[in-house]
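Combine both chains into one complex, guided by the hints.
Protein sequences, first through last, are from chains E and F.
If you're matching positions, the first sequence starts at 1 in this note's numbering and goes up one per residue.
If you're matching positions, the second sequence starts at 1 in this note's numbering and goes up one per residue.
Worth flagging that the hints you see were computed from the coordinates, not collected in a lab.
All C-beta atoms, glycine included, are put in the ideal place defined by N, C-alpha and C.
Among the clues, some could well be false.
[As the list claims (entries may be wrong)] Simulated restraints on C-beta separations: (1) E:Leu203 x F:Ala124: 17 to 27 Å; (2) E:Tyr186 x F:Glu207: 49 to 59 Å; (3) F:Glu184 x E:Ala106: 32 to 42 Å; (4) E:Gly141 x F:Asp168: 30 to 40 Å; (5) E:Pro92 x F:Lys105: 32 to 42 Å; (6) E:Pro92 x F:Thr132: 14 to 24 Å; (7) F:Arg307 x E:Phe12: 43 to 53 Å; (8) F:Ala124 x E:Cys126: 47 to 57 Å; (9) F:Ala124 x E:Pro17: 28 to 38 Å; (10) E:Leu203 x F:Arg300: 45 to 55 Å; (11) F:Leu106 x E:Gln78: 51 to 61 Å; (12) E:Gly141 x F:Arg108: 53 to 63 Å; (13) F:Gln187 x E:Val175: 40 to 50 Å.
[As the list claims (entries may be wrong)] Covered stretches of chain E (chain F as the covering partner; in silico rule of three or more C-beta atoms under 8 Å from a C-beta of chain F): (14) 20-27; (15) 51-57; (16) 77-90.
[Stated by the list, open to error] Sample of chain E residues lacking proximity to chain F, with all beta carbon distances greater than 10 Å (derived): (17) Arg107; (18) Trp200; (19) Leu208.
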Amino acid sequence: MTEWWTYSLHSFLLFSPRVYWRLIEHYNQSLWPLQIPVLLLGFVVLYGLLRRQPRTWRAAWALLACGWFFVGWGYLDQRYAAINWPVKYMVPVFFLEGLLLLVLAARRPTDVRPGAGRRLGLVLLCYALAGHPLVTALLGGAWSAAELPGLLPDPTAIATLGALLGWKKSRWRGVLMVIPVLWCFYSVLCLLAIDAPAAWVMLGALGLAAIAGWGLVWTPIRKRR
Amino acid sequence: MSIHRPTFSRRILLKGLGALALATAFPAPALSAADPRMRLIPSTGERLPMVGLGSWTTFNVGGDQQLLDQCADVIAHFVKAGGRLIDSSPMYGSSQDTIGYGLNKLGRPGAVFAADKVWTWSVAEGREQIETSRRKWGIPRFDLLQVHNLLSWEGHLKTLFAMKAAGDLRYVGITTSDGRRHGELAQVMRTRPLDFVQFTYNIVDREAEQRLLPLAMDRGIAVIVNRPFQQGGLIERLRGRPLPSWADEIGAGSWAQFILKFILSHPAVTCVIPATTRVDHVQENVAVAGSVLPDEALRRRMAAYVRAL
Ligand SMILES: NC(=O)c1ccc[n+]([C@@H]2O[C@H](COP(=O)([O-])OP(=O)(O)OC[C@H]3O[C@@H](n4cnc5c(N)ncnc54)[C@H](OP(=O)(O)O)[C@@H]3O)[C@@H](O)[C@H]2O)c1
Chain E
1 MTEWWTYSLH
11 SFLLFSPRVY
21 WRLIEHYNQS
31 LWPLQIPVLL
41 LGFVVLYGLL
51 RRQPRTWRAA
61 WALLACGWFF
71 VGWGYLDQRY
81 AAINWPVKYM
91 VPVFFLEGLL
101 LLVLAARRPT
111 DVRPGAGRRL
121 GLVLLCYALA
131 GHPLVTALLG
141 GAWSAAELPG
151 LLPDPTAIAT
161 LGALLGWKKS
171 RWRGVLMVIP
181 VLWCFYSVLC
191 LLAIDAPAAW
201 VMLGALGLAA
211 IAGWGLVWTP
221 IRKRR
Chain F
1 MSIHRPTFSR
11 RILLKGLGAL
21 ALATAFPAPA
31 LSAADPRMRL
41 IPSTGERLPM
51 VGLGSWTTFN
61 VGGDQQLLDQ
71 CADVIAHFVK
81 AGGRLIDSSP
91 MYGSSQDTIG
101 YGLNKLGRPG
111 AVFAADKVWT
121 WSVAEGREQI
131 ETSRRKWGIP
141 RFDLLQVHNL
151 LSWEGHLKTL
161 FAMKAAGDLR
171 YVGITTSDGR
181 RHGELAQVMR
191 TRPLDFVQFT
201 YNIVDREAEQ
211 RLLPLAMDRG
221 IAVIVNRPFQ
231 QGGLIERLRG
241 RPLPSWADEI
251 GAGSWAQFIL
261 KFILSHPAVT
271 CVIPATTRVD
281 HVQENVAVAG
291 SVLPDEALRR
301 RMAAYVRAL
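Isolated chain F, as found in the complex (with noise of 0.2 Å):
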């Protein structure tokens, strides 16, 4: 199936949203919007905030109460610091029970913007998965989603787009991540009309850049950017390193932030979903939606840095 879609710049004009600078001397990124804590969706104009909430590992604590409440803590101060997204999968063991625990004690925030996955061999079952992940989240219907990590990936992509023109599904998309089946991730992108990808891109794993990045924004898909801190891996790597002294241009306080400026000033970016445990985790990374982001010369400088460490 081969699907001529607008180019993303068509697609806004077509929208009549116009491509709004964001508060940076990166070269405009066309997926901005009025709001500068928000990126726009490609495939409907839609406005998203680009820091969104990841859910592996850190929601899984199965039936533990206090985690759970600590959990929900994160997903309420997510919310109302002015996040959306929230991913998880079927494979994050019971992160999707918990997000539903989240959102029932914050009372059903409407502005959730809920993506989930679909994971398993088995087409056939593809639906029956999504229906449970859907229970478990106790909402209406998904705004997105995945097959995750590409999995039977032709025949659940038929049943997420049937959903779709259905109206039980606003958004399709696929995801990978750690820099596996680019190429075939790349296929998938140039042959089907998806919304959304979702792949692994930051400050040191930086492939994507050279495919992934720029034919996302040729065809007008909405990038998500999993494993912003290599699970955290990179962070623990850049603990007790100085950050530089003209972090402060792009008020970058902490290197979480410095990482997940470099990985928003892309402009191929549409949201990226670091996972946390903790409230304060949450609130430093979603401010960093809606401050400077750097332009090339200085996210040429950041990575030098990194590197050189």
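Chain E on its own, in the form it takes in the complex (with noise of 0.2 Å):
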């Protein structure tokens, strides 16, 4: 792209807000009242995730991997392409992420070290289950509004992120966070084009996770101090 610095993320909004609202309301709408077994299932995650028994374990890792298919195929690909083109080659890569989870959902259930990294990671997932689709309705004025993991890609990426830095520190937790770190990144910026305040609240996520990663990563070294 030449004359690159003339362009601002502006220039890079293909709908407006108007559409993008809507769009995620009558998704909400057609899909009602699925909602419901999914953000039960949703808790059945974090539930598996505090039990580590290997079924539990297994079953909350691949709920999570169908979470990033299903938001790959039903939202992504079905819906929010149809106005946002860039996003039809994310789906791949939502389905990639789905697959690792479900690498990782066949694997041995790890210590989970406590720790305050592990404990943010716990604040970000339940905040994903509960916290998110409340504020994203309260900030929509509607319950239709409303995003839910494994429905919509923002509430997904946090709730992994949250799962991830829960788990025991691993060379898998890097792989598995690149993809809904990306996500979240890209996220912030269309919501910030179109002057969303949701934009705020996924930053924070993000700052959140990066806390409790680092937290993570440096508790280990001073320990070893």
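Right, here's the structure in full:
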């Protein structure tokens, strides 16, 4: 792209805020009452990760994987790509994250070391499950504006980050965090372009994830000294 | 490829159309035709209403039925008011589908002048993209195809000129916006037999007056003006500020009309393509065509007034 400095965030925005929010509301309305079981399954994920029994642990990661598959197909491919074509290229990326999570589900449960980082991870997961739907419903002024993990990408990415941060540090966690982090950044840019306050919510979630991630790295270093 | 083109005035003479003055004190725009709402396309002498319709963002509504119907309404009122040129691009999300939907609902009016673009790095994919766009519009062929933002322009222009020669296309053009790559665009205008060129020009973005507008006139290239309202930002900034008392002299009842009249009073401009989601706005915009346009002195006054705000 030439003369890139002449482009602003708004130059890349293909749709109006009105179209974007209506898209989410219509999508939610078309799925209703699927939101209820999806929310319950979200709490199953939380329970499974906390219990760390092989079966519940596996179910938790497998459910998260299903969330990525469903959002990639049901929302990105079938809905959002119609007004925002770059999203079409993100569909396989969402499927890849789902596959990686499935691989993780097949592995043995690992120890979760207690610590501030982990607690922040759990806060993120709980926020994605209960806070984000409420905040988005309030900002949108309607229940149909509520964004749930497993149905829409932002809370799915936040929930995954939270789950991964609550899990013991390993090579895998870093790999699995790349796609949710990239999505969160992309979403922040889109939301900023439509002047949506939800951008700051997403930035807050990313900040919390960064603190939690840094804490997990930092704690072992401190212990080694 | 450097092609000599007859100057615009010679061509018009050759076509025996003669320049008729608009109802304006501006040095008689050579592009004027009998109907004051029309301008001539220099390369053929075909007449085109001077207010068209853009579709970036405004028509990108996906499958939202209510918004699709709203856009179809805008198109219907545009056509009813005598508008013809609708501009789109494969880059504009679902806008082409929306236009197709609107035209279908209208019973496929023959008067519409279908202007679209080719926008892909790959020259080989150009034809396929054009065919996809054509299907979305639901028309037998495009009136005008433009290379969007000069992307891979050399290869795409070859494709478009070949389509024109084969009778699959009526006019060939190229676009840019927001003042980008004017030097390169001028070079293309000098060396290729373009029918149309599209760039940004309005009461505050006036760089085109230096080079592109005179060059288009000299080369006999029709000019489509995009971003007349800076994607709405200009109107937003002027909202709440008073129109000058002398706006009445040119019949500008709103800032939108004030800006459109400024643009259209440049003799090199063929058509301006404001985009809108609203029926009242499309009516307000199209109404500008056919009314009095400012002369050079008034143009200077208009620009100075807006600058001082
Ligand atoms: N490189 C390129 O080829 C290129 C680049 C940019 C644009 N374009 C073309 O040029 C077209 C026009 O540019 P644009 O869409 O960027 O912006 P624009 O036409 O300058 O502005 C569109 C905005 O102006 C508002 N508006 C329209 N008529 C109005 C009126 N009478 N009163 C008040 N507000 C009014 C609309 O809001 P409402 O919906 O509320 O009316 C809309 O938000 C595009 O749609 C596209 O077709 C081409």
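Hint by hint, work out which the structure violates, then give me just those numbers in ascending order. 1, 2, 3, 4, 7, 11, 12 and 15
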